[in-house]
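As given, the protein sequences belong to chains A and B, one line each in that order. Residue 1 is where the first sequence starts when you use our numbering, and the numbers rise one by one after that. Residue 1 is where the second sequence starts when you use our numbering, and the numbers rise one by one after that.
Take these hints with a grain of salt, some might be off.
[As the list claims (entries may be wrong)] DSS-like cross-link-like pairs, simulated, lysine-lysine; straight-line CA separation at most 27 Å:
1. A:K55 / B:K250
2. A:K88 / B:K238
3. B:K238 / B:K250
4. B:K72 / B:K16
Derived by calculation from the structure, the hints in this document are not laboratory data.
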Amino acid sequence: MQDPKISQYPIPLGVGFTYSAVCIPAILAAEDVIDYLVLSPEQLCRESRTGDTRKFDLVEAEFNQFLEVLGDRPAVVHGLELSIGSAKSMEQACVDLIDRVHARRPFPWFSEHLSFLQVEEDDGTTSYPGAPLPVPLTDEALDIVSPRAEALRTRYGVPFLLENVTHYLPELPADKGRDEIDFLNDLTERSGCGLLLDLYNLHCNALNHGFDAREALSRLRLDRVIEIHVAGGQTHDGFQMDVHADVVSEDVWDLLEWTIPQTPNLAGVTYELLAEAFDVLGAEGVRGQLERAKGIWTASGRPISRQGAAQ
Amino acid sequence: MTLADWQSGVCAMVQKGVSGQTRSGPGGNLDAKLLTDTLDLTDQERRSILALEGDRGYALTCHIIRWWRSFKIRAATPLTCAQLEGESEDRIQEHIGLRAFTSFFFLEEAIGFLDYLLEDRLLTPITRSIVRFERALLSAHVERASILATPNRAEPAAIDAAIDVDTAPQLMCRKASGVTIVQFDRPPEQLLGSLLAGVAVSEPALGPECAIVIAPTLPALWRPAPLAEARLISVLEKPTTLETALRRAKATFETAAALIEEQLLSAEISEQAPTSKAARVPSGHTAASLRSGASP
């Protein structure tokens, strides 16, 4: 069922891959498999600052290279530095950057992480923990994040998605007995934002914090899921780490096969790989992962489209 | 609790874990912040945050941040790391311990590390030059992106006025923004070839001094600079009349004109500058004719 609050559900695209210049050989080698590319525009930028005010300047040559590799396929944007979960304000430089990208190449949907990366202190300075940290599952957090998500949802007339993140910190503060799934459900209900379901992140959290991933998924508003991410990673000191640096595990492929039939509005499945890990798989290894994702997508009976226009 | 104060407390704990020490700074002393009423937290919330210190997940979070910062620095400062050899990781960890995380961008993290190294008075001269060169190069990358991203940026005004020493106002010049001169005791190609192969360079070399100019407007961001150019750019750190600068640098107007055209120097006609009766400029020449070598 399509909720009218989530404006313009995108038409299904198929299988996508995260863009980086290092991975261009893999993208070209899998030209016939990749239906869309995922761009994190911060990776094609240089940062400049005036005091505490940041600006992200797109490097034209790098952006033009991305457009050349993209060809006529759709691009979806997956931001990194928005810090939508920061109490006082999110990062305006990110919004400005996405505005510029949208002006150059409109996208069928865009997404960010449900996390915070910066803290505005009482004296006006900004502190950075150094990694995306999870948002507590409180009413106040919901009150702060929901209107921001709603504003972003209406900014370009396409869905805005929030992604569940991996974290290693012990129990987060929570109101009303919420867990991560309850919070995501409440957030999408209040703001109308869609969900970017990162199955690998969910798998990591399930292992690291001791819950059942399928049970959690059975409670999630899967009708709000528009994109799914799959990835592989590594373990360290007994933790499953969110490093997107390996082949997808069988556990995560199983989760994908189980989840897809229950996501009526799903528009894409993305295989994520960090640029720094490209040498681990090589072009052939990446193609293998994409082909497997495509096989699962096709078996679900979903169409493939390279047009990327909203319905 | 308020979300802001919870985030402030958790952020401070993570910063402490990454640095390995209690941090004092704009946010105040960590332990004081969390142990007093500075933050709007209940006693239990405060204890929970402080208890992170013994948590394995917290330790992993801090480890990941340290690893990622080190990775970024190494990726963005290959010349400096090659020069530091086995000492490089220790110096990177010292920097991470002393300077809080400020950016996910590689260049900003790297520039911070290079600034930290330049504070070390014990750096050898050749290492200092290499660090200065790499820092200038990274800054030029950042500035070039900013320049190109600025809409309707003004092109530098063409200096085409006839320069007549007796009647015309004199040019006021200065080094353009983002321009740096670095001097080495050997040819830059030799030095960079060694460093890019991962081999540190020893000192001192016996060859003549060589200079490099780094600027965001240069196609490759840097090039070798003849010593007269290097002297002229160095003399023009602050606005100075061209006449004075040429005398101090023992350089020619042709040199100055070429640097102005390359946007390494900026110049403007100053109506207030005193004229000089000394014949420093070939009468009737313009900057364009000086550049082209045409007759006046």
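For this structure, which hints from the list above don't hold up?
The structure breaks hints 1 and 2; every other hint is satisfied.
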